[in-house]
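Number of protein chains: 2
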Amino acid sequence: MRLVEELGERKIIDIILGSLEAMPNVSVPFGDDVSAVDIGGGRLAVIKTDMLVGKTDVPQGMTFWQAARKAVVMNISDLAAKGTQPQALLAAIGLPRGLTEKDIEQIGRGLNAGARQYGAYVLGGDTNEASDLIISCAAFGTCEKRSFMRRSGAKPGDLVATTGFFGKTSAGLKILLEGLSASPEVREQLVEAVLMPQARLKEGLALAETGAVSASIDASDGLAWSLHEISRASHVGFLIDILPVADASVKFAEAHSLNPSELALYGGEEYELVVTVKPKLWNRAEAAVKKVGGSLTKIGIVTAEPSVLLKTEEGTIAVEARGWEHFKTA
Amino acid sequence: MRLVEELGERKIIDIILGSLEAMPNVSVPFGDDVSAVDIGGGRLAVIKTDMLVGKTDVPQGMTFWQAARKAVVMNISDLAAKGTQPQALLAAIGLPRGLTEKDIEQIGRGLNAGARQYGAYVLGGDTNEASDLIISCAAFGTCEKRSFMRRSGAKPGDLVATTGFFGKTSAGLKILLEGLSASPEVREQLVEAVLMPQARLKEGLALAETGAVSASIDASDGLAWSLHEISRASHVGFLIDILPVADASVKFAEAHSLNPSELALYGGEEYELVVTVKPKLWNRAEAAVKKVGGSLTKIGIVTAEPSVLLKTEEGTIAVEARGWEHFKTA
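One line per chain: the protein sequences are B and L, in this order. All letters in the first sequence, in the order written, are residues 0 to 329 by numbering that gives the first Met the number 0. All letters in the second sequence, in the order written, are residues 0 to 329 by numbering that gives the first Met the number 0.
It should be emphasised that the hints constitute simulated quantities derived from the structure, not laboratory data. Every value quoted in this text rests on a predicted model; they were computed, and no experiment measured them.
Here are some, though not all, of the chain B residues that point toward chain L, as calculated from beta-carbon distances under 8 Å:
no.	residue
1	M22
2	A87
3	I103
With a Cα cut of at most 27 Å, we get these calculated DSS-like pairs of lysine-lysine:
no.	chain 1	residue 1	chain 2	residue 2
4	L	K310	L	K297
5	B	K10	L	K54
6	B	K54	L	K54
Just so it is clear, CB atoms sit at the ideal spot from N, CA and C, and this is done for glycine as well.
Pulled out of the complex, with its shape left as it was, chain B reads as follows (with noise of 0.2 Å):
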């Protein structure tokens, strides 16, 4: 009988899903961002968990601080993915021995620190014993039921966005696990983007308003796994014109003799949204988004054929559903 290690997160997820039953009616299948239960009043309850464990989450060089803040935020860009406002964060931790006073009040403050950016409260929680680090957030928000989106609505012909540039945090991975180098500016920006995580929430929010998306992911999975799951949800694929590639990245990546779009295309951790958009809806999706102070860059469009293609210079390619995935190291 195989073991965890040998299964890989997806396998391990298919297992605990097909002992579950499915609630009937609900509002969000298995398998999105997040979760949802109907409120009435053309409200949905928004929940999330998602958990932080110090030996595969937190890189050398990332305080406590950052790892509770980090914690919170991956929860928060999954709401951010879905449209909704986060309300309250609950922190289910485990501590190991050997932490001081110092940590542990690093740790709180965090926790408070990423949930207030967003306009959250940390609300509760729970501290155990533990042998790793685990800092185990669940979100929670309420939207509406029209604005709420979902990974299944991209239709042939829709445009494919992001929220931002893709291969900061693959790079600055190399950099604090690696010891690559950097000029100081190449190597800021980089690192900044594995410690300090942003979620793309006024965007998403600014986005669900404008009724102009079809389908959107927070892409902490990867760039690629983002549109492979899209694809999966949506039964459409996508044709990649340009790979949104950070400055960044790209010095990094010619400093170092590496692909930047293998860096941009197969990271993860970068919690930018990746989102399909109605075509004549395109500039007032822009708008929105730039009018809450980001920006919406189009990448490619959504296809009939279920594939995942790349154009480059050397042709089209396909874009492999691979991204970062637990249990993968073994």
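On the provided structure of chain B, position chain L as indicated by the hints.
Chain L in isolation, oriented as in the chain B frame:
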């Protein structure tokens, strides 16, 4: 500077709470069994997270199915104490290497069984690699604001009652962990209490309907601790006349020359409700619980003096503010 293992869970919670900004006009203060957000229309969204950690919460003899079910029941019990029907559960899971496909399936089935037993569904979650087995559940439900049962409303003269009898879990743990003996019948009851905890949801919902309850808590940290928690939150005390000790625990205590009162007061993980009831509405409360197949046992009275006292044959003694606490085995 003090380390986690020297601080104890209460102090750790205090440090974290001291780092958090409080939500203005929050519906339920920090430290109650659950958190809540006002969703308008006289209703509250009730949310709770409680984490199960293998090495501290899963005794020898407990299967993966039972552990996962327990992780759900722990959370549902807190909603029960507040009179809230759970609708949705989320489960963030940490899996140590070496677990098999079958173990994971058992975890999935245990989660489902715990939720379905109480009319809820598991809607989502997250899986991770961790050193310990971690099952961190979050529960969600809504309730009428006016029927929400706090810890803070007990008034002198109110009656204090429990939905069941205590001491089974602490005795059951002595059987499982220390190998103490018991007759088959006694053993079955005591071990069952540990392996298959039951949340008093029907009782909690029925009590909330009556409007008779002035304060309520889930006794998962033990009877003594629960009384002290209501005492703190309500600024009252208790005079306990009769300790509600389970028959099986009395028999077990006799056989091993243990003090049955100790077993009943200072155990933990007993998911009975401890409630205070307005004396004029006692009959209504008792009848409501009976109607759903439960029982409400009067154990004493609320006093103005903020101390928790127990009448015994040797006179009135103080009940200590101790119970199950993580980090305290250091």
